[in-house]
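From first to last, the protein sequence lines are chains G and B.
My numbering applies: residue 1 is where the first sequence begins, and numbers increase by one.
My numbering applies: residue 1 is where the second sequence begins, and numbers increase by one.
Keep in mind the hints are simulated off the structure, nothing from the lab.
Incorrect hints may appear among the rest.
Intra- or inter-copy, both count: the list cannot distinguish identical chains.
Here are the simulated DSS-like cross-link-like pairs (lysine-lysine), alpha carbons at most 27 Å apart as the crow flies [unchecked claim]:
no.	residue 1	residue 2
1	173	218
2	104	173
3	104	213
4	173	213
There are 2 protein chains.
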Amino acid sequence: MAPDTDRECGRRFDAGFHDEFGALLAWRRDVRRFLPDAIAPALVEELLAKAHTAPSVGNSQPWRFVLVESAEARAWVRESFLRANADALADLSGERAATYARLKLSGLDVAPVQIAVFCDEATEQGAGLGRRTMPETLAYSVVCAIHTLWLAARAYGLGLGWVSILEPEVVTKSLNVPSEWRLIAYLCLGLPEEEHLDPELERAGWQDRQGLKERIVKR
Amino acid sequence: MAPDTDRECGRRFDAGFHDEFGALLAWRRDVRRFLPDAIAPALVEELLAKAHTAPSVGNSQPWRFVLVESAEARAWVRESFLRANADALADLSGERAATYARLKLSGLDVAPVQIAVFCDEATEQGAGLGRRTMPETLAYSVVCAIHTLWLAARAYGLGLGWVSILEPEVVTKSLNVPSEWRLIAYLCLGLPEEEHLDPELERAGWQDRQGLKERIVKR
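Chain G on its own, in the form it takes in the complex:
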């Protein structure tokens, strides 16, 4: 499977690593059920340091991490989730509504670490390179950092849940950050109550995973 070459590389990764990395991807789940146990600040810092190695357009590194620690700020976010979730449920009817109502969609009540991740849309870093025709790549860079943090968390036995059922303007105002910062994600982080290979939304009968083949075309 490895490319057929004996060229020198900066760093080689062997079949053992390929397997373990595959297992990391397979066990990476969106977690909503956390243990309340505190996470060492040094570990959170290590995860953020890993996230900080993510690729970014023009080397702009536009990610900004807000560690949401105060009870007041957490309450605002939780209230925003409850409103947004009630609105989403109100849009549904019948079987779908019943299933939705049974889902657990966030770990905001228990997760010991909560991080709001923003994109600094006003950053001058990178001098605009690479985002003239596709300005959305700035936000995409922040997503790469979030995904890096997610995988790193799982490698250390932590679960991460990405909460998007929120009112982004309300959360942004509640956290009192610069108006040029755009909310990309609100993350819950902590020890997971349980571990699974299949997504919770699949187990709960909301949405199965589909195949890869129909997602590939050639031109």
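Could you slot chain B onto chain G? The hints should help.
Coordinates of chain B only, in the frame set by chain G:
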């Protein structure tokens, strides 16, 4: 550094893996200088299978991969890059313009594998869960798949370059995909000519990496 618990987990990753995963992140670069050597189709498939394990909002799996193989399609994309790049250069002046003109910003001329990655904005998979207030999470799911592919490629000794200096509408039309598919990225993939720990934009004097500390605030 590991969380202090003896709870059973689905899968444990040890310190050796933490180190190797850190090395993978450190050696993951945006590559624009490729060898023309062909890449085995089975390896490309393996990378796409890894990408397909990415997280997605509501389990929507909205990524669509277009393997751009025909000389005609590749020429359209290259022409779009040349136009967008000339426009970007025309916006600059003085030192910045001179530096920009010297940069190598894509591997479109040589990269043996080229993949246009789209988001199917019309997908019904996931039934809209999680994207009522933040619809952009659908595109963000595709970014997670791209980032997964990027890391997997590097693990197998391949380099990946994300080209965003393109006219997205032109590329979308050239590739004759459904109008609901939104271009997220155009990827070049192949054996890298050289390996580096520092970004090419840093080496070329465009943009240094900055520190993490000023990117973290508490609330």
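Give the relationship of residue 104 and residue 213 under a CA distance limit of 27 Å: within one copy only, between copies only, both, or neither. The answer is neither: 31 Å in one copy and 34 Å across copies each exceed 27 Å.
Should residue 173 paired with residue 218 be assigned to within, between, both, or neither, using CA atoms and 27 Å as the limit? The answer is between: 14 Å across copies meets 27 Å, while 45 Å in one copy does not.
At most 27 Å between alpha carbons: which applies to residue 104 and residue 173, within, between, both or neither? within (26 Å within a copy, 41 Å between copies)
Between copies, within a copy, both or neither: which fits residue 173 and residue 213 at Cα up to 27 Å? Classified as between; 22 Å across copies, 43 Å inside a copy.
Going through the hint list in order, the structure does not satisfy hint 3, though it satisfies all others.
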